[in-house]
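Sequences are here, hints too, so could you generate the full structure?
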Amino acid sequence: MQGLSQLSDAKRILFDRYLQGRVSSGPKIGRRPQGIPAPLSLVQEQLYSRELEFAGNPPLYNECVTVRMLGPLDPDVLERSFNEIIRRHEVWRTSFETKAGQSVQIVHPHRPVQFSRIDLRGLSEAERETEAVRLAGEDVRRPFQLNKDLLLRPTLVRMGDEEHRLFLAVHQIVVDGRSAYQIYPYELAAHYKAFLAGQPPPLPELKIQYADFAWWQRECLNGEEARQINYWREQLRDLPVRGWPAAKPNASTRCCYGRIHPFAFSPQLSTHVRDLSKLRNSTLFLVLLTGLATVIRRCERSGDVVLGTLSPSGRKRSEVMDLLGYLLNPVTLRLNCGEHTTFDELLHQARGVVSDAIANDDVPIEHLARALEGNDRAGPGPSPFFNIAVSLQPPTPEFGLPWSVTSMDVDSGGSPWPLYLAFIDRPEGIIGRAQFNPDLFEIGTIKHVLQDLQLLFEGICL
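Residue numbers (our numbering): 534 to 995.
Bear in mind the hints are in silico, worked out from the structure with no lab data behind them. There may be inaccurate statements among the hints.
Unchecked claim - DSBU-like, lysine-lysine: derived pairs with alpha carbons at most 35 Å apart:
(1) Lys561 x Lys740
(2) Lys632 x Lys740
(3) Lys561 x Lys726
(4) Lys632 x Lys681
(5) Lys681 x Lys726
(6) Lys561 x Lys681
(7) Lys740 x Lys726
(8) Lys726 x Lys632
(9) Lys740 x Lys681
(10) Lys811 x Lys980
Model, not experiment: these values are computed from the prediction.
Below, the structure written as structure tokens:
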């Protein structure tokens, strides 16, 4: 497949629409057969298998999504709004079991969920912040039982007379970035405004559910697997073994404990990095990816740099764009960085590598690892091909309310990769979190990597 830089304007527009789910190909997704459990989607099966392997210790796939709310709030109306989301989306009332050797989804009837409600107004302002994060952290670090639990736990904390936070501890098997930062908060705000005004639910009923997508995927996409495996077999041939930037090379990578270190670019640097992406006719993600690859190349002083990212493999279909659920697939990005490769040359290469990876992103990474058994691997860590992952969080929608959403403030205690840099582009600047395994990396190493990344962009942009 051609790199993005080689596409005509018309093909570039078509490709963008394809990535955003506005171009569909193949049979239309319809309702699954009734009366029998639905299978897990391919990426759900991957998470389910690893969750059983680690038995929730540490909780690799627990996430905390925080909606911060300013102004007057009616908690009962908010709770009703939250329950309307659960009613609409079957995946948020689904458990997962193994029957006769086959993992299946069990969709349960909707039963109203009650918020845990906590009032911290009796504490000082500084104490409220600490206590709210502590309570949410304890909650998100509690494992879910995938075959029994409702895989989400909402807690509403009153921080002040007109300040609340809704902490949602949730398992990633039922939520991805688009779910957490776009669909969920948008629907919550839409229902809250309607119910507060005494109006009926404002959103149309969903035509399909996540389990329908999982059934369709199993039935219709089998023919693509062989072709895509052949692509990855060539792309990952003789993959170099990389441990950078581990400061503890003798540590075991078997367990995936994690810590979060937040970071931020200055407003001035953020503006210049955004301008750089526009000047280079690129995306912000590609510029950030290229910057990180450049920093790694300088530390390793060698050829290939291997990174991972989360491709929205399931979101290419227009039918699923408004569904809650996990529709991401990790993909490997292999960049050839010669000693004298310039930033612009590497950015040009990254365009093609990313577009090719997204065009071949339907095969789950662990299926791919089994198919390519015998090839060189990136090491024994949680990913068979890369140790460092990078992503850019989807932009949050306009709520029409003084609300904001974040995942920056609460640490689950686990990390799906040895090092994961998640960038967030906000009007006030580019921020992010480095989620890393403290058994592998010193915090000083993480800070040094982030400092080098910002110095690189300052040298390019300022």
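Quick rundown of the hints versus the structure:
Proximity of Lys561 to Lys740 is assessed by CA-CA distance (about 12 Å); at most 35 Å being required, the pair is judged to hold. Restraint check for Lys632 and Lys740: satisfied, since their Cα atoms lie roughly 28 Å apart, inside the 35 Å limit. Between Lys561 and Lys726 the CA atoms are separated by roughly 33 Å; this keeps the pair inside 35 Å, and the hint holds. Proposed proximity of Lys632 and Lys681 is supported: the alpha carbons are some 14 Å apart, at most 35 Å.
The suggested pairing of Lys681 with Lys726 holds, with an alpha-carbon distance near 33 Å, which does not exceed 35 Å. Distance check on the hinted pair: Lys561 and Lys681 sit about 32 Å apart at the alpha-carbon level, within 35 Å; holds. Only pairs whose Cα atoms come within 35 Å are accepted, and Lys740 paired with Lys726 is accepted, the gap being roughly 23 Å. For the given pair, Lys726 sits about 42 Å from Lys632 by alpha-carbon distance, which is inconsistent with the 35 Å threshold.
In summary, the hint linking Lys740 to Lys681 is supported, as the alpha carbons are separated by about 27 Å, within the 35 Å threshold. Proximity of Lys811 to Lys980 is assessed by CA-CA distance (about 28 Å); at most 35 Å being required, the pair is judged to hold.
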